[in-house]
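Listed below are the residues making up each chain.
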Amino acid sequence: MILKNNNPSGGLGNSLPQSPDKLKQIRDLICDYTAERELIPPLQEEEVIFHSGELIKKHPELFLYQKLLAVMINNHSWRDIVSGIPFNRRILLLPKCIAHATECPAQFDELGLLCEQCGKCDIADITTRADELGYHTLVSEGTTTVSTLLGSGKVECVIGVGCLHSFEKSFPLAVKEAVPSIAIPLYNNDCKNSKVDKLWLDEILPIRKESNWYGWINIDALRSEVNSWFEKDQLAVYINGEDESSQIAIDWLAQGGKRWRPLIMLAVYKALMGSEAVMDECIQKLAVSIECFHKASLVHDDIVDEDHERYAQPTLHRQYDTPVAINVGDLILGFGYQFIAESGAKHIRKLLKIASYGHRDLAIGQGEELLWRRNKALLSVEDILKIFSLKTSPAFEVALQFGAIISDAGDEVMQVLTTYSSALGIAYQIKDDLDDFNLGNIDNAFNTIQPSLVTAIVNREHPDKMKVWFEDFQKGNDLCKKEIWKQTEIREGIKEAEQMLENYKLKALSSITDLKSPALKILLTRLLNKILNG
Amino acid sequence: MTKKIFICGCEKDGKIEKESVERLIQSLEEKNIGYTYIEDLCGTVLKNPDDLESLFTAEDALVFGCQSRAMQNLIGNSGKKVQENRTEYYHIDDKDGNKLVESVRTDNPKALKIKYADEWNPWYPVIDYERCNGCRKCLNFCLFSVYSVEDDGSVVVSASANCKDMCPACARVCPQNAIIFPKHADSPIDGGEGEMLSGDNVLEQIQNDDVYSVLSARRNNFKVSLLKKEQLKMAEEERKNCSTTEEVEEKACDCNCNCKTEIEPDCACKDEDSDKNCCC
Ligand code: SF4
Ligand code: SF4
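Residue numbers (full-length UniProt numbering), protein chains in the order written: chain A, 1 to 534; chain B, 1 to 280.
Mixed in with the good hints there might be a few duds.
Facing chain B, from chain A, some residues (calculated, C-beta under 8 Å) [claimed, not checked]:
{"id": "1", "residue": "F108"}
{"id": "2", "residue": "V155"}
{"id": "3", "residue": "W372"}
By construction, these hints were calculated from the structure, which means they are not laboratory data. Beta carbons are placed, not taken as given, at the ideal position from N, Cα and C, and that holds for glycine.
Chain A with its partners taken away, still in its complex shape (with noise of 0.2 Å):
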């Protein structure tokens, strides 16, 4: 049966004032308290929820309105940050059942209604009022919309009008993404002849001050920079051997990759540094050395994992065969630590200290998974994670304390740094796991070579089913190939593992929450997001 009925779900503390005066009211009361503390945004749902509660507890009789309080603080917090950004980089959202219900005469299109100003409803004068002052207005149809924009992770501050309802349901993108933004509910749920308090927006659309707001980070710009400092002549200026092995070194540090590594590193310094950050000859240096270490550990890993291609080319042992490959993984670490001694950094000492023990543990961790595939037995949950944290937190962190070492940051932002890329790190490993599995990709999801923690936990689980798969699989069964996906066992491991990954993503989240600088707490929010979904 494809029709269900299921009954949308009421809510608690739904209500809003129906005046303006009284939402006034409340806003002034939300002023007050939290000009008593520093809210830096973005804040995270349980916070907002936390703070609410706070407030309840001192105006019992606000409890009707735990929502909006809710919507009401999270404005406050990215107050600040919205009268920093020009209003042509701001996007107004309107919700479309403010416009006549029957007699708007207004055309549709993907992205909601195109107002003709015919004037019998409020969207005219609003879309108007914005227009001047440079907004770009969307009257859509529905938060999904909303969804689609907040996700797409280029838009730098939204102005949101909106029930209360469909914040709810767009809160948790806008805290993914983190982006700057204030939202303003309409009087009434019901999704015709919607009102707003064309007060409070009248207060809001104009909230302007010069400020250094520099946080929005144009992620995608930014690689292309990048990328073009690994461009081969661009490399061969600070690679200038004339050798071979040096011409092999640069062709496969041009080649492809999604240079994560000097983008952190890049992305941080900005964030920390705003329009002093200058893109000069050092930072070029570290950028090039950051990722030195980790093509290095790829040209060995291919090796050790008999890999034969990496992206969509044969691998450098494969080019070349493997003594030349693991030599010029030797040579590539070396100038790794070559281009930070010669980047006239003013801390090279703690840069070095940091690439150095990044190179250490990264060794430590895959030493711990080689030896382990010296016995075949399948490993415990917990070795698995102490490997992953050891094999990819470091690469992480290694570029996030170079961006803050070069932009003086002190040790309370270090300390978060290194929680947050132990997480971070977890966290990728286990999504990788969980890509081969959700994909199908049956061949690297039940691998011999490499640890994975959805096989572990359902090992902990049904030690006896999983030695039949194994050694099934390991036979080369076909039957068990197509089979395994829909066994309960199997689904049960990709769910706790699912909720492992959330989890380690909530301990990054929460490792930020003290974090001073709003611009560095936003960029690592939206990293965390866009690395965790490629």
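Starting from the known structure of chain A, arrange chain B with the ligands on it as the hints suggest.
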């Protein structure tokens, strides 16, 4: 020809004119033809499908209501209709349909009624599987998890009641125009004929290009189209004026005299012997 006749009154929304329903019912009663009146087909299909047993199992039926495509898919989506049985769907105002009625005979010339007493306003999407290619855009687009995928990969409307009242946005996202909201006010979203106003895939552009320039471009395009609309309107009016009024006679002279600035110049001077100060 014995057929069962069903009429939907769309009472939860009023998309169907009461008069049309009454007219049809009256003509059926005059001819002593039995029929079943359904207060709200959308609502009953979802909430009390058992009430529609007679429709699902009817060997040969005529259904009158809103857009035929909407009703056909609404019933089709329920998965309850006996497949091989014949059912034709007509808009209540469809002339052919109304003509068909004349030759119908029924076994049971009684009038039955299927009530829909629920509070809930039945607003939800219906998928036209003749068009749907399973791309899942709707599923990814909808925030309220209205859609899901079956084991065989087909996209289905699985949580209809989650759908936001009056929001037809997913219908505009569907590249196949496969989504119908029977109660939507306009065609083609209500299952009727017509083209969807396409925004050149703005949604995709937004995901891939610079959001701000896409939005600006959209706005400018719209402004231009509004302007064109204005111009068209003006042109239209001008043409009307031209065809109704006589050619306006040239009454004014060619000279520079003062009467030129008057609204209805009535100048009698000779071109040659006048100057600015001349007043004719
Ligand atoms: S002002 Fe715009 S949105 Fe409002 S009813 Fe008129 S055309 Fe529609
Ligand atoms: S968007 Fe349209 S074509 Fe794609 S799955 Fe949904 S209904 Fe089918």
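Status of each hint after checking the structure:
no., hint, in the structure
1, F108, "holds, 6 Å"
2, V155, "holds, 6 Å"
3, W372, "violated, 37 Å"
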